[in-house]
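S.K.: Based on the hints, put chains B, C and D in the right spot on chain A.
Chain by chain, the residues run as shown.
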Amino acid sequence: MTLALAIDAGLAVLVLAVATWTIAVRKTFAAVVGFVSYGLLLALVWVRLLAVDVALTEAAIGSGVTGVLLLAAAARLRPTEKGAAAEQPGAALCFVTAILSAVVSAGLAALVLLPTNPAPTLAQAAVANLPATGLGNSVTAVLLAYRAWDTLLEKVVLVLALLGVWSLAPDALWGGRPGPRYPAQRDGALVFLAQLLPPVGIVVGIYMLWVGANEPGGAFQGSTILAAMWILVVMAGLGDAPPVGRRWLRLVLVAGPMVFLAVGLSGFAIAEAFLAYPVGYAKPLIILIEVPLTLSIAATLGLLVAGPPERAE
Amino acid sequence: MSLALDIFTVVAISVGAFFFLAGTVGLLRFPDALTRLHALTKADNLGLGLVVLGLLPQAAGLPGALKLVSIWLLAQLAGATVAQLIARAVRPGGPQA
Amino acid sequence: MSAATVFGLCGAALVGLGLYGLVVHSEPLRKILAFNLLGGGVFLLFGVIARRGAAAGLGGDPVPQALIITGIVVAFSATALAVALVLRLFQETGRATLRSDAPVGARVTDTDS
Amino acid sequence: MTEFLLAAAGFVLAMVALGLVRILRGPADADRLMAAQLLGTGGVAALLLLASSSRIPAIVDVALALVLLAAFASVAFVMSASRESMDGSEPMDGG
Chain A
65 MTLALAIDAG
75 LAVLVLAVAT
85 WTIAVRKTFA
95 AVVGFVSYGL
105 LLALVWVRLL
115 AVDVALTEAA
125 IGSGVTGVLL
135 LAAAARLRPT
145 EKGAAAEQPG
155 AALCFVTAIL
165 SAVVSAGLAA
175 LVLLPTNPAP
185 TLAQAAVANL
195 PATGLGNSVT
205 AVLLAYRAWD
215 TLLEKVVLVL
225 ALLGVWSLAP
235 DALWGGRPGP
245 RYPAQRDGAL
255 VFLAQLLPPV
265 GIVVGIYMLW
275 VGANEPGGAF
285 QGSTILAAMW
295 ILVVMAGLGD
305 APPVGRRWLR
315 LVLVAGPMVF
325 LAVGLSGFAI
335 AEAFLAYPVG
345 YAKPLIILIE
355 VPLTLSIAAT
365 LGLLVAGPPE
375 RAE
Chain B
185 MSLALDIFTV
195 VAISVGAFFF
205 LAGTVGLLRF
215 PDALTRLHAL
225 TKADNLGLGL
235 VVLGLLPQAA
245 GLPGALKLVS
255 IWLLAQLAGA
265 TVAQLIARAV
275 RPGGPQA
Chain C
109 MSAATVFGLC
119 GAALVGLGLY
129 GLVVHSEPLR
139 KILAFNLLGG
149 GVFLLFGVIA
159 RRGAAAGLGG
169 DPVPQALIIT
179 GIVVAFSATA
189 LAVALVLRLF
199 QETGRATLRS
209 DAPVGARVTD
219 TDS
Chain D
2 MTEFLLAAAG
12 FVLAMVALGL
22 VRILRGPADA
32 DRLMAAQLLG
42 TGGVAALLLL
52 ASSSRIPAIV
62 DVALALVLLA
72 AFASVAFVMS
82 ASRESMDGSE
92 PMDGG
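Line by line, the protein sequences give chains A, B, C and D.
Number 377 marks the last residue of the first sequence (our numbering); no jumps.
Number 281 marks the last residue of the second sequence (our numbering); no jumps.
Number 221 marks the last residue of the third sequence (our numbering); no jumps.
Number 96 marks the last residue of the fourth sequence (our numbering); no jumps.
Everything labelled a hint here was simulated from the structure, so no lab data went into it.
Heads up, some of the hints might be wrong.
DSS-like mimics (lysine-lysine), calculated; alpha carbons at most 30 Å apart, straight line [said to hold, decoys possible]: (1) A:Lys91 x C:Lys139; (2) A:Lys347 x B:Lys251; (3) B:Lys251 x B:Lys226.
The calculated label-pair distances, taken between Cβ atoms and stated as ranges, are [to be verified]: (4) A:Pro153 x C:Gln199: 19 to 29 Å; (5) A:Arg311 x D:Arg26: 46 to 56 Å; (6) B:Ala264 x A:Arg211: 42 to 52 Å.
Glycine residues also receive a C-beta, built at the ideal position from the N, C-alpha and C atoms.
Next up, chain A with everything else stripped away, as it sits in the complex:
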C-alpha cells in the first residue's frame, strides 16, 4: 500500500513540476511541449484514480488533439514572440498575483482535506438502473441514458464552436478550404506512416466505440482517434481538407446531433418523455445514436483543428 502511495505522490510532484515549467518557460513552443507532457501525465493520474474512461478522453483530446491545435498556432505566431516579451508585467503585479493564486489553491486544498462523511455518491443509483439500459459501462449510461440531455447539448456546443471558427474567415474565402495545403512529402518516412497508421487507427476508433457500451471507451474517444488519423493524412500531404461549403460535409457534421434529437423527440411517442427510451430498446437506440455521433464528432474535431477557411475553393 505504501508503494502505491509513493508512486502516486511521485506522479503528483511530476505533474506539478511539468505544469510549473509550462507556465514559467520563455518560449511558447517549449511551453506547448510541456503542455502535451502534462496531458500525458494527467492520463496516468486518471488511471491511478481508477477513472479509465476519463484517462482515455484525456490522452486523446486533452493531450493529443489540443496539443496539436496549440502547436500549429504557436508555429504561426512565432514572429510575435519578440514583441510580447516586452509586455511582461512588473514584479509587483507578479508578486500580488502569486499571493492571490496561492490563496485560491489553499482554499481548494482545505476543501480536499476536509472531506464530507459519508462522501456523496450516485454510484449505487447508477448501478441499480444499469440493467434497464442494457449497458455495462456506467459512465456511458450516465452520458447517453441518465443525462443524455447534457450530452446532446454538448454536441450542439461542438457544432457552435465550429460555426464560430468558420465565421472568422474573411468574406472572400467563405466556404473555402481550411488550413494550409501541406505539400506532398518527398521523403518516404512520413508518407509511410500516414499510409500505414490510419487504417489501424480507424479499426481502433471503431473498437473504442464498440467496447464503450460495456468497457471504458465510447463515442468521444473513438471519434478523437478518427479525427487524429484524418489530420495525419492531411499533414503528410496525402489528402486535402474539403471546402467547408460542401453540402455532404455539413450533413456529416449535423447527422449525429440530428439523429440524437430525432430519437429524443420520438421519446414523446414511444416512451413517456423527451430523450426517454422505451423499455428493452435502450441499448439498440443508444448504439443508433452513437454511430452517426462518432462520425459527426470526428469531423467536427478535425475541422476545429484545421481552423477557419483560408483558401478559395
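M.R.: Then chains B, C and D, alone, in the frame of chain A:
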C-alpha cells in the same frame, strides 16, 4: 509452470526497465542530438519490447496478448518514423531546400 | 493520506498555477495554455470527488466522471475558438496582443457585430 | 507479482521523469521532442504494467489510444518546429 512464467516475467521486465534507465542516462549525458537520439531509440524499441514480452504470460488470453503485441508494433512504427524526422531536421546540411 | 487526497492537493495547486499564468502572461496563446492547465486542475478536483464516491463495486462515482468527459470536450471546443480568434487578430493587425493601445497598423476593421 | 509490476511501473515512470530534465534544459527543440517521445513510450510501458498489476484490462486500451495519439502529436511537433530551433543554432535576433 506458473512459477517459471512468473520468473520469465520478472526477468524480462527488469531488463526492459534497465533499457529505460539506459535511455534516460543517454538522453541526459550524451553530447549531441544525434547520439541522444540513438540512446532514445534503444529505450523505445527494447525497453517497451521487453516489458511487453514480460507481460505476455500475464495477459488475459490470446486477444489480450495480441493487443499487447500490436501496441508494441505501433510504437515501433511511430518511433522509427519520428526518429527519422528528428534526425533529418537535426543533421547539418540536411534536406533544407 | 489516500491517493485521492494526494491528487486532490495536486489539483488545488494546479488551479493556482494556472490562475497565475493566466494573469501574468501577456501573450494570448500563453493565456489559453494556462487556462487549459487550470482546467486540468479543476477536473482533477472533480475526479477526487468521484473517487471518494466509490461504491457499488465501482472505482468511482460515474456521474462526476461523465461530467469531466463532457468538460474536456467543451474545453477543447472553447480552446479551438480562442485559438482561431488569436490567429485572426494576428492576420488582421500583424500582432497578437490584447493591449488596446497597440500601435502600427492595428486598425480595427469593420466590427458591426 | 502485483507488487513487482507496480514497482516496475514506478521505476519506468521515474526514469522518464528524469528524462524530462532534457525538456527543461533543451538546448534545442529537437531535444525537447526526444524527451517527450521518451515520456510517451515510458507512459505506455507504465500503463501496460499498471493494467497487469491492477487487473483492469481496460487500461491497455488507454495505452493503445496513447500510442496512436503520441505518434500523431510527434509528427505534428517535428513538422511545426522551425529549422533553426531544431539544430540549436537559433539566431538571437529571431531573423
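S.K.: A separate judgement is required for each hint: does it hold in the structure or not?
M.R.: Status of each hint after checking the structure:
About 13 Å separates the Cα atoms of lysine 91 (chain A) and lysine 139 (chain C), which keeps this hinted pair within 30 Å; it holds. A distance of roughly 27 Å separates the Cα atoms of lysine 347 (chain A) and lysine 251 (chain B); the hinted pair therefore holds under the 30 Å criterion. A threshold of 30 Å between alpha carbons decides the hint, and for lysine 251 (chain B) with lysine 226 (chain B) the separation of about 22 Å falls inside it, so the pair holds. Remark: the range hint 19 to 29 Å for proline 153 (chain A) to glutamine 199 (chain C) is upheld by a beta-carbon distance near 26 Å.
Our hint of 46 to 56 Å for arginine 311 (chain A) and arginine 26 (chain D) holds, since their Cβ atoms are close to 52 Å apart. A hinted range of 42 to 52 Å for the beta carbons of alanine 264 (chain B) and arginine 211 (chain A) is consistent with their spacing of about 43 Å.
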